[in-house]
Every structure is written in C-alpha cells, then in structure tokens.
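Enquirer: Sequence:
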Amino acid sequence: MASAPSASAWAPGNCPTGSFCVWPEWWYGDTDVPPSLATETEWSGSALGHIFYNNTSQDVTMTYVVVADEGQGPTYTACVSKGSGSYFTQPMHVTDVAWREDDGSPCW
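Using the numbering used here, read the sequence shown as starting at 1 and increasing by one per residue.
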C-alpha cells in the first residue's frame, strides 16, 4: 500500500465531524484547502487524494488506485480507523468508501 502510517497527532483539518474526507493537495495541520471528497455516507466515484482523514465514529474501508495508472492499474484497499488519517506517498484516486465490517482484526 502506498500510504504512510497514521500519526497519533493527525489533525482533522477542515473535515466536518461525521465525515470521511480526502484532500487533493499536501498539507499538514489545519487548512483552508477544500476536500476533494467529504462524505457522511458510503460513497463511490473518483476523488483525487494526497491526504485522508476519517472524522466519523466508524472504521472505514477505503479503495484507491494510483493516479499514474489512470484508473487502469491495480486497486488497493486500506482500513482507516475512526478519528485517524494519513497521507499517500504518491497521488491516488480514492474510488470507494464503505463502512468496515468488524471482523475483530485491528484497523491501522
């Protein structure tokens, strides 16, 4: 997976409470850059992403593809814990956000 491990002090930036957000640019801390995706429900489509944050009360399964692959390369999934976020080490298109089914395994 081409993302960095989540940081314990990761900030939600301008992601509204109850939303899963993806931003199209790099940033650290609070920002006024609008998210390319801010959803309170399960979602599918294509949102350019460098940064993501799960500001919901549920773990999320996020599906994404490397931008350079133009949607034709392999897809990846990641579990994103509630109240955490991270960044991609290269630009991605997030293509699906779904509430995670709790199978007892930890989510990073």
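Misleading hints may appear alongside valid ones.
Label-pair distances were calculated between CB atoms; the ranges are [stated by the list, open to error]: (1) Pro12 to Pro74: 17 to 23 Å; (2) Ser105 to Pro34: 32 to 38 Å; (3) Pro16 to Ser105: 27 to 33 Å; (4) Cys107 to Ser44: 33 to 39 Å; (5) Asp102 to Trp26: 28 to 34 Å; (6) Ala11 to Gln58: 17 to 23 Å; (7) Trp27 to Gly83: 15 to 21 Å.
Read the hints as simulated data drawn from the structure, not as lab findings. C-beta: ideal position from N, C-alpha, C; glycine also.
Enquirer: Hints first: check each against the structure and report whether it holds.
Expert: Here's how the hints hold up against the structure:
1. Pro12 to Pro74: 17 to 23 Å: violated, 29 Å
2. Ser105 to Pro34: 32 to 38 Å: holds, 33 Å
3. Pro16 to Ser105: 27 to 33 Å: Roughly 28 Å apart at Cβ, these two residues keep to the hinted range, so it holds.
4. Cys107 to Ser44: 33 to 39 Å: With a Cβ separation near 20 Å, Cys107 and Ser44 fall outside 33 to 39 Å, so the hint is violated.
5. Asp102 to Trp26: 28 to 34 Å: holds, 32 Å
6. Ala11 to Gln58: 17 to 23 Å: Because 20 Å falls inside the window, the suggested range holds.
7. Trp27 to Gly83: 15 to 21 Å: Between Trp27 and Gly83, where Cβ atoms are some 18 Å apart, the hint holds.
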